[in-house]
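Number of protein chains: 2
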Amino acid sequence: MADVLPEAFLRAVAEGFPADFLTREPSELQEYGRDWTRVHTPAPSAVAFPRTTEEVARLLALCDAHRVPVVPSGGRTGLAGGAVAARGELVLSLRRMTRMEPVELLGNTVRVQAGAVTEAVHQHCAEHGLTWPVDFASKGSSQVGGNIATNAGGVKVIRYGLTRQWVLGLQVVTAQGKVLELNGSLEKNNTGADLRQLFIGSEGTLGIITEATLKLTPLPGKQDVFLFAVPDVAAVLRLFREARRAPLLLSAYEFFTDKCLARVQRHRKLRSPFEAPSGCYVLMEAEGKDAAAVEEWLGSLFERGLVTDGTLAQSPSQASELWALRESISESLSATGLPHKNDVSLPVAGLEAFCSELDAVFRERYPDWEIALFGHIGDGNLHINIMKPEGMEKAEFLARTKQADPTMFELVRKHGGSISAEHGIGLLKKDYLSYSRSPAELEMLRTLKRALDPNNILNPGKIFDV
Amino acid sequence: MADVLPEAFLRAVAEGFPADFLTREPSELQEYGRDWTRVHTPAPSAVAFPRTTEEVARLLALCDAHRVPVVPSGGRTGLAGGAVAARGELVLSLRRMTRMEPVELLGNTVRVQAGAVTEAVHQHCAEHGLTWPVDFASKGSSQVGGNIATNAGGVKVIRYGLTRQWVLGLQVVTAQGKVLELNGSLEKNNTGADLRQLFIGSEGTLGIITEATLKLTPLPGKQDVFLFAVPDVAAVLRLFREARRAPLLLSAYEFFTDKCLARVQRHRKLRSPFEAPSGCYVLMEAEGKDAAAVEEWLGSLFERGLVTDGTLAQSPSQASELWALRESISESLSATGLPHKNDVSLPVAGLEAFCSELDAVFRERYPDWEIALFGHIGDGNLHINIMKPEGMEKAEFLARTKQADPTMFELVRKHGGSISAEHGIGLLKKDYLSYSRSPAELEMLRTLKRALDPNNILNPGKIFDV
Chain G
1 MADVLPEAFL RAVAEGFPAD FLTREPSELQ EYGRDWTRVH TPAPSAVAFP RTTEEVARLL
61 ALCDAHRVPV VPSGGRTGLA GGAVAARGEL VLSLRRMTRM EPVELLGNTV RVQAGAVTEA
121 VHQHCAEHGL TWPVDFASKG SSQVGGNIAT NAGGVKVIRY GLTRQWVLGL QVVTAQGKVL
181 ELNGSLEKNN TGADLRQLFI GSEGTLGIIT EATLKLTPLP GKQDVFLFAV PDVAAVLRLF
241 REARRAPLLL SAYEFFTDKC LARVQRHRKL RSPFEAPSGC YVLMEAEGKD AAAVEEWLGS
301 LFERGLVTDG TLAQSPSQAS ELWALRESIS ESLSATGLPH KNDVSLPVAG LEAFCSELDA
361 VFRERYPDWE IALFGHIGDG NLHINIMKPE GMEKAEFLAR TKQADPTMFE LVRKHGGSIS
421 AEHGIGLLKK DYLSYSRSPA ELEMLRTLKR ALDPNNILNP GKIFDV
Chain F
1 MADVLPEAFL RAVAEGFPAD FLTREPSELQ EYGRDWTRVH TPAPSAVAFP RTTEEVARLL
61 ALCDAHRVPV VPSGGRTGLA GGAVAARGEL VLSLRRMTRM EPVELLGNTV RVQAGAVTEA
121 VHQHCAEHGL TWPVDFASKG SSQVGGNIAT NAGGVKVIRY GLTRQWVLGL QVVTAQGKVL
181 ELNGSLEKNN TGADLRQLFI GSEGTLGIIT EATLKLTPLP GKQDVFLFAV PDVAAVLRLF
241 REARRAPLLL SAYEFFTDKC LARVQRHRKL RSPFEAPSGC YVLMEAEGKD AAAVEEWLGS
301 LFERGLVTDG TLAQSPSQAS ELWALRESIS ESLSATGLPH KNDVSLPVAG LEAFCSELDA
361 VFRERYPDWE IALFGHIGDG NLHINIMKPE GMEKAEFLAR TKQADPTMFE LVRKHGGSIS
421 AEHGIGLLKK DYLSYSRSPA ELEMLRTLKR ALDPNNILNP GKIFDV
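Same order as they appear, the protein sequences are chains G and F.
Here the first sequence is numbered in full-length UniProt numbering, starting from 1 and rising by one per residue.
Here the second sequence is numbered in full-length UniProt numbering, starting from 1 and rising by one per residue.
Treat the hints as calculated values from the structure; they're not laboratory data.
Keep in mind the model is a prediction, meaning the values are calculated, not measured.
Among these hints, one or two may not hold up.
Pairs count within a copy or across copies, as identical chains cannot be separated in the list.
Stated by the list, open to error - Derived pair list, reagent style DSSO-like, types lysine-lysine, alpha-carbon separation capped at 30 Å:
#	residue 1	residue 2
1	289	215
2	139	215
3	156	215
4	178	414
5	430	178
6	269	289
7	259	414
Let's have the full structure, built from the sequences with the hints guiding it.
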């Protein structure tokens, strides 16, 4: 394990901070040095647990002076290695900064420290009939600061947009240990470039988010959950166009292929509500404005041949059963085989062509591979899972998928897509960044990084090398 | 008139661009050197009219090499002097770049050149039942590039948010003449800092927006228009809280005081629908989800004493009459007196205290002044108009309001507000920027400007001096 902490730095920390501020306990280093990826070996030199923004600011000023690299650490549920400390860095954990202020009911806002857990924020707001509509599977562990630093997506993006849209104010500590209070709790503030936006989605490479004023929205009304069977991706997209014009407010439009359903049925023993199998399935959740109009719309889908089968959940338990088909996919793929995962996005209009070209490429080059496709297709977001063929050695499979990724990313680029829709770049995807960002963009990203963090102490080596 | 165009630069332009590319015609210099403010004397050296991004890129590379300052110019409807060329700059007009591509109906997007007029975009999309929900009085002249460069607000922000939310992709030319294609038409793209956001709202000081992919939304359903009478600002805000929880989707929540109504009645001879006068009025526009529930909600407002009077327009012409009361304010203030205008925003929760303290300060220091307050109060946005007292000389009034502004801005700062809610900073407000941005923020803004535009050729002197 590399140790990059100079003695003078450690002395200054020991003198200037509480006794329990820093740990070098091996089990804690293991724990706080990694996220949900398991590719890199965690190897931080120490973990700091500040309680206040003032402590974060003093710590960063010291780190900058002593050139100590810092990895900010939230709930560590990331899937791209953005919070991994594998090179002797100091981990700055926000774990102790969990304060939530009372909900402000006139402005529909709440100010919280960055370490507040996403689900705790939901609970804090729900009693007032409000929510912070940033929602995904890991919300029980993920923290607000991490949500913002990765501009988190999730299952409600089609209705509510990304995390960026729900952040009114940010408190950020710069690489030099200065505290920025950005935008307070203002809806409108047209006073030069919006610095908030720089830090949202920059994975801790430009500043450390310590507090945020979150914008809230009323809890949604009763949701209808539908499952439709359609022949192929083209039909999924035709139905999507209709759904967006329908008398309802979409909150989810998710799709999966027959291969995903087969794995779910094999692993979870769940039943499909349909008699006949179909190429693709769509799980749609929506708030109907008018029950009669929704019924009429549903009928017209069958009449016009837009779906081959369909069902509307008649009870909350039926709704859960339908959702389970979609939500069990990831788990079922891992339980019944070895998936190699990618998380890409395309312009919605480019999805059909992309999927069919991807299919053709894989059919030709890797005819024995099973591709399990699913995702937030309403946002253009596809999860592409290549399943290891029975009988192929794991090492050979990993080598071959590594070889296959550039082919896929080339197609993503060709169709104007992104190699990382919502997981971020971190360490895992940095080698492929140029498939989604041009040389001119990369140059500007590096210029910004050098201007704001000239000593390269903030999450160095993440996203790109300076 | 200063002339900062070197001979070598002019020669290069003459050789490398079409004959009608540049004009130095005095009437054109007058026209293209100013926006809707009338404070500075327009004095550009020349106006360039590129037709393509490639021309913009070559021009900027030349400007950078020859240190020629450039003022980007859209529809010139700005109210802060952001598009004013008063120091011999080269004006870069986007007037010829008005191309709009066909509406993309699967993704609900449209790609346009920056010079497309806002209202033309609305018309282009309306035939498909879609709209780009950026809407304000000057939409018949303003251009998409200017809307984005100023992150325009307007009358629909409470429902749709600011312009920032409706920009999927941006094509930007940098100070060095490089073309950036940012984000294409992706909803999700988590691949490092989102450079789009830097250019949105930066008033042409960091790059020139040449094209954009706009996100569209279905045209709204039938709107109900209400007018309510309430005693004071506190009651306006109490009603706002109720309205946001009501069974309707707000698209406007505007308020004005009795002083505004009196001026409108004097000038436009419009009738108030109410018998008794009241301290404040609220114009509310909303899409009701359920007519019966809306009726019931309306009744409860009276029962609970939340309004002293109220009316719901029963026809489109009645709706227009109610809107006319609000929309005639600005014109009526100017027609019946001399207003000194400010456009500030506050956290919604701070509006009541701010208004009452502002009132107290003005009462004490300037007892003979009439303050006409109105604005998009649902967004925390107040238009504060100080009316020149009868009999006071104009010069004295202007001197005294100049003296009064810092007092008001001090109150804005105290309550966490912004000195420019939607108009921007440009030239008019740059002396007051420090009331809304801290020294650390200003330092970071300068760092960014120096990093991206080291020769300070892009709209120099706007927002702040480097």
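Here is how each hint holds up against the structure:
1. 289 - 215: both (24 Å within a copy, 23 Å between copies)
2. 139 - 215: both (17 Å within a copy, 28 Å between copies)
3. 156 - 215: both (15 Å within a copy, 18 Å between copies)
4. 178 - 414: This pair counts as between: shortest inter-copy Cα distance 21 Å, intra-copy 42 Å.
5. 430 - 178: both (28 Å within a copy, 23 Å between copies)
6. 269 - 289: neither (35 Å within a copy, 40 Å between copies)
7. 259 - 414: within (26 Å within a copy, 60 Å between copies)
Of the numbered hints listed earlier, the single one contradicted by the structure is hint 6.
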